[in-house]
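Asks: Under mature numbering (1 follows the signal peptide of the UniProt record, and there is no 0), the letters of the sequence shown match residues -30 to -1, 1 to 217, in that order.
Not one of these hints is a red herring.
Ranges of calculated distance between the beta carbons of each label pair, as one might list FRET restraints:
| no. | residue 1 | residue 2 | range |
| --- | --- | --- | --- |
| 1 | 102 | 153 | 13 to 23 Å |
| 2 | 70 | 126 | 22 to 32 Å |
| 3 | 120 | 92 | 19 to 29 Å |
| 4 | 144 | 121 | 42 to 52 Å |
| 5 | 123 | 147 | 34 to 44 Å |
| 6 | 121 | 162 | 31 to 41 Å |
Calculated from the structure, these hints are not laboratory results.
From the three backbone atoms N, C-alpha and C, an ideal C-beta is built for every residue, glycine too.
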Amino acid sequence: MQLIKGAAVSGVAIAALVASGTAAAPSALAASSAAGLAAAAPASATASSTAGLAAVALASAAAASVSSPSLDPPSAGRSPTSSSPSAAPLTARTVPPAVCRPAPPHRHRQWLDGFLLGWVPPGIGPMVTDFEYELDDVGFRSRVWESGPYPDESYRVDLQVTVMRSPSFTDESALREFLVEYLERDPAAWATTAFAHPDGPGFADIGELFWLAAPGVAVRVFGGGEQLDFRDLTRTACAVRQVVPME
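All chains, full assembly: derive it from the sequences and hints.
Replies: Structure (structure tokens):
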């Protein structure tokens, strides 16, 4: 009678294990059931106890295979012990973060008004033109890459790098103030994201970055082509380095 009661307890434990779907509990319950069978069963019931233990082991393996968690590594929004990932909060950004990273040197280095253009994106327009002009006390030297002509006989500016020199560029805020007026931008909303260029501090906005390389000299990098994404534009800007400081 004790053997029958022990087997019944083992059957109930097996059913509970399969229904609960937990991977850790079956081994503990199986061990307790086996201990109960060993204590209650007489010597003549050794074969029956062995069969009961084998059934418990099979049920434990089945429960573990049904409820084993994913082997994928935990994502950023999920703790290693959690079985269901939590959605990471989404943050709306107008301008992606602009970060300078090491880049291999370009095979064909270019120079512009004391600056080395260390890298330009492949595939931009083949027509390259230099411009030099002045506005009040600001001197501009610019290099423009264009593509075209298009079916409407138009051309498109893919990339523009401009070196600006003026005694009014005392810091990055003064530079931004000048560009807001020169480019006719909204002073409250335009270029509010900081950009840490290796040569000096600046700001970034969609499609353009600018910075103060030294008091009185600044650089602006503008991307006008659809094939030039912000990552390539940032890499281009980071590769513009001053090699001849302004006297």
